[in-house]
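Peer 1: Protein sequences appear in the order of chains P and R. Take 16 as the starting number for the first sequence in our numbering and just add one per residue. Take 16 as the starting number for the second sequence in our numbering and just add one per residue.
Just so you know, nobody snuck in bad clues.
Simulated DEER-style distance windows between Cβ atoms: (1) N300(P) / G222(R): 55 to 65 angstroms; (2) S97(R) / D128(P): 42 to 52 angstroms; (3) K127(P) / I67(R): 32 to 42 angstroms; (4) P85(R) / V137(P): 34 to 44 angstroms.
Example chain R residues on the side facing chain P (calculated, C-beta under 10 angstroms, incomplete): (5) F163; (6) L171; (7) I255; (8) L264; (9) A295; (10) G304.
Keep in mind the hints are simulated off the structure, nothing from the lab. Keep in mind the model is a prediction, meaning the values are calculated, not measured. Glycine is no exception: its CB is placed at the ideal position from the N, C-alpha and C atoms.
Chain by chain, the residues:
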Amino acid sequence: MFVLFGLSILIFVISRIVPGDPARMAVGERASEEVVQALRESMHLDDPVPVQYGYWLRGALRGDFGQSLVTRRDVSEDIRRMFPATLELGLFAGVIMTLGGIALGTLSAHYKDKWVDNVVRVFAYLGVVTPPFVFGVIFLLIFGFWLQWLPATGRLSQNVVAPPVVTGLMLVDTLLAGDPRAFGDAFIHLLMPGTALAMAGLAQGARLTRATMCGNLGKDYVAAELGLGIPERIIWWRFLLKPSLIPTVSIVGLSFAATMGNAFLLELIFQWPGMSRYGVNAMLNKDLNAISAVVLMLGLVFVVVNICVDLAVGALDPRIRLIAQRSE
Amino acid sequence: MPAATEFVAEIDAAVVRRHEWANRVQNMRRSWYKFSRNKLSVLGFFVVVLVILLAVLAPWVAPYPQHAGPFVDFKNASQSPSPAHLFGTDTIGRDVLSRVIFALRPALIMGLIVLAIVVPVGVLLGLVAGYFLGTWLDAVIMRITDIFIAVPALVLALAIASVLKPNLTNTMIAVTVMWWPWYTRLVYGLGSSLRNEDFVKSAELEGAGAAYIIFREILPSCWGPIFTKMSLDMGYVLIIGASLSFVGLGEQAPKPGLGTMVSDGSNYLPEQWWLAVFPALAIVVVVLGFNLLGDGLQDMLAAEKGG
Chain P
16 MFVLFGLSIL IFVISRIVPG DPARMAVGER ASEEVVQALR ESMHLDDPVP VQYGYWLRGA
76 LRGDFGQSLV TRRDVSEDIR RMFPATLELG LFAGVIMTLG GIALGTLSAH YKDKWVDNVV
136 RVFAYLGVVT PPFVFGVIFL LIFGFWLQWL PATGRLSQNV VAPPVVTGLM LVDTLLAGDP
196 RAFGDAFIHL LMPGTALAMA GLAQGARLTR ATMCGNLGKD YVAAELGLGI PERIIWWRFL
256 LKPSLIPTVS IVGLSFAATM GNAFLLELIF QWPGMSRYGV NAMLNKDLNA ISAVVLMLGL
316 VFVVVNICVD LAVGALDPRI RLIAQRSE
Chain R
16 MPAATEFVAE IDAAVVRRHE WANRVQNMRR SWYKFSRNKL SVLGFFVVVL VILLAVLAPW
76 VAPYPQHAGP FVDFKNASQS PSPAHLFGTD TIGRDVLSRV IFALRPALIM GLIVLAIVVP
136 VGVLLGLVAG YFLGTWLDAV IMRITDIFIA VPALVLALAI ASVLKPNLTN TMIAVTVMWW
196 PWYTRLVYGL GSSLRNEDFV KSAELEGAGA AYIIFREILP SCWGPIFTKM SLDMGYVLII
256 GASLSFVGLG EQAPKPGLGT MVSDGSNYLP EQWWLAVFPA LAIVVVVLGF NLLGDGLQDM
316 LAAEKGG
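Generate coordinates for the entire structure from the input sequences, incorporating the hints supplied.
Peer 2: Next up, the structure:
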């Protein structure tokens with residue numbers, strides 16, 4: 016909560032230190048002075064800055080970010096329409112990241128110093144040093160154009176009827192509409208941008224899972240369990256996986272911020288009709304109301320995701336649960 | 016005879032200096048030995064050196080230096096890679112290899128300048144917050160840091176870069192604004208634990224001031240992790256810079272930027288794949304170099320600590 020409040024101030028300050036008059040920019044060079052003045056008043060631009068912030072925050076809390084300075088459309092309306100697509104992409108990437116990272120890391124730790132481990136390690140290293148948009152371009156080239164396994168752009172194929180919008184998440188909507196063909200189509204459209212977006216976090220997750228697992232493997236409790244004759248499979252699944260998940264889950268939560276940022280670039284590459292493309296356009300046009308709304312929405316996503324991550328870590332780690340109970 | 020004693024003292028000082036110098040050389044040799052045992056770190060080191068040389072010597076090593084600017088040669092436009100144009104040519108006939116080499120310049124300059132500003136600021140704030148652990152100064156600095164860390168770095172940089180004019184300087188400003196908190200976090204963590212070490216306590220008991228303790232007692236122990244992070248961050252600043260220039264914020268045409276080249280090139284996929292792929296690979300190679308180097312430094316420091 017505190018973070019969101021600070022973020023709102025930060026965004027507001029950024030949006031008001033722009034050189035130039037936003038009202039003049041909105042109506043254009045040739046508008047008369049009266050029109051500009053009227054707009055200035057309706058935007059509260061003549062009030063002192065803290066008062067402006069008050070107006071802005073009141074609007075933002077009600078979900079009203081004002082009109083776009085460029086298209087004159089309602090910003091909240093636009094965001095509501097486009098946000099689900101970005102959210103879907105981000106969540107999908109988050110799932111791939113977490114599951115893939117844990118799976119690869121576990122595999123790597125299990126075959127420590129064998130070829131499987133080495134392959135995973137090289138892969139993870141490349142994943143960390145390659146920006147997601149590079150993955151996007153390379154995937155697009157290989158799977159979209161050369162092999163033509165996956166559709167290159169958009170959320171659905173032309174010949175598939177879009178389901179009625181309920182949540183805006185295409186996967187959920189197609190399921191609700193009971194349309195498995197559309198679901199499959201939405202899924203393969205999501206696969207390439209989602210995976211490209213997930214690569215960095217996936218690589219990080221795999222490295223971390225491997226490291227913690229190898230660390231835990233050397234601990235006394237594992238030796239004791241082995242000594243008791245508990246089968247290795249059970250030790251791995253029940254006693255090693257769970258404690259090793261905790262750092263991975265936390266880091267995936269943290270890197271989710273970067274993921275949402277990178278969604279900007281991938282939406283451009285894959286022509287994904289989400290909020291980020293809208294945001295980039297707003298940024299290139301200096302559409303302040305739209306920019307601040309987009310950034311605040313992303314901040315909100317980050318905060319919500321991290322609350323979920325904290326809950327997940329609490330569920331995984333009995334020590335944290337105990338501390339929380341004691342402090343209550 | 017005062018002159019004689021002075022003379023002796025001078026010789027002593029010279030001997031000590033020489034000894035110190037020899038020690039330092041020996042230390043450096045030992046460090047290099049530790050560093051060079053990991054072949055990958057050495058590879059990273061050489062990649063970084065090569066990249067820096069290429070960037071500095073760009074006008075002399077690029078096959079077609081004039082292609083880095085507003086140059087048009089429609090006769091040779093859109094050629095696939097060949098011995099004459101190793102990376103092919105773009106849609107108006109410019110040599111992609113030359114442009115990639117020139118694009119290394121803004122990328123490296125950006126990394127250097129951003130770090131040159133971010134490191135002192137972030138480190139100083141971290142030291143202060145760590146030293147005044149538990150006071151209001153600590154609380155204020157660290158809460159502000161939290162806010163900056165919570166915003167997606169790229170988004171914040173995008174927002175800042177977009178309200179300013181799109182050019183390299185403003186992109187650097189944007190990246191600088193969102194990068195310092197990580198150093199504050201790092202140094203805060205180190206500093207707040209060092210704060211209770213015996214050597215800090217004893218300096219405090221001897222009446223040393225806050226500034227003395229912060230800079231002379233705590234800071235020297237933090238350099239290792241800071242250097243390591245700087246090497247890794249060169250790579251990440253490069254990525255952020257390329258990402259910003261990918262959406263059109265950053266070095267403006269006709270000057271080449273790695274991100275811009277990838278994004279322009281991606282419009283000509285799949286026929287003219289070389290336009291996007293080579294600049295993209297260049298980004299990966301440079302970042303990989305800095306990362307390998309950083310990891311090598313980290314291992315070296317860990318080894319020194321261990322023995």
